[in-house]
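Read in order, the letters of the sequence shown correspond to residues 1 to 87 in the working numbering.
Simulated from the structure, these hints should not be mistaken for laboratory data.
Quantities reported herein were computed from a predicted structural model and do not represent experimental measurements.
Accuracy of the hints is not assured; some may be wrong.
Derived lysine to aspartate or glutamate pairs resembling EDC-like cross-links, with alpha carbons at most 20 Å apart [as the list claims (entries may be wrong)]:
#1 Lys-47 <-> Glu-66
#2 Lys-67 <-> Glu-3
#3 Lys-47 <-> Glu-3
#4 Lys-67 <-> Asp-50
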Amino acid sequence: FDEALRLYPPAPSINREPIEPETWNGLYIPRRAAVLVMPWVVHRHRKLWDRPDAFMPERFHPGNREKIDRFQYLPFGAGPRVCIGAS
Numbered sequence: 001f002d003e004a005l006r007l008y009p010p011a012p013s014i015n016r017e018p019i020e021p022e023t024w025n026g027l028y029i030p031r032r033a034a035v036l037v038m039p040w041v042v043h044r045h046r047k048l049w050d051r052p053d054a055f056m057p058e059r060f061h062p063g064n065r066e067k068i069d070r071f072q073y074l075p076f077g078a079g080p081r082v083c084i085g086a087s
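Please take these sequences and the hints and turn them into a complete structure.
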């Protein structure tokens, strides 16, 4: 199920707005700027996933799941404002 959600996340985008100015990877993000995260793009990023376009359920088997960062797999968002349906 997790691998299907990785390939086809239910949310097309996750919207966030910083409450304070922030610099991330050398990029200045002003307070209240619209920040969009696209789970489909993150879930298919070649630097984050081996063979990102392949259906590989074993990615989420016990022992492998610990290798996945909590912000690398986010079909329902992440952090304190995660989708209420994810809990």
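Status of the hints after comparison with the structure:
no. : hint              : verdict
1   : Lys-47 <-> Glu-66 : 17 Å, holds
2   : Lys-67 <-> Glu-3  : 14 Å, holds
3   : Lys-47 <-> Glu-3  : 17 Å, holds
4   : Lys-67 <-> Asp-50 : 12 Å, holds
No hint from the list above goes unmet by this structure.
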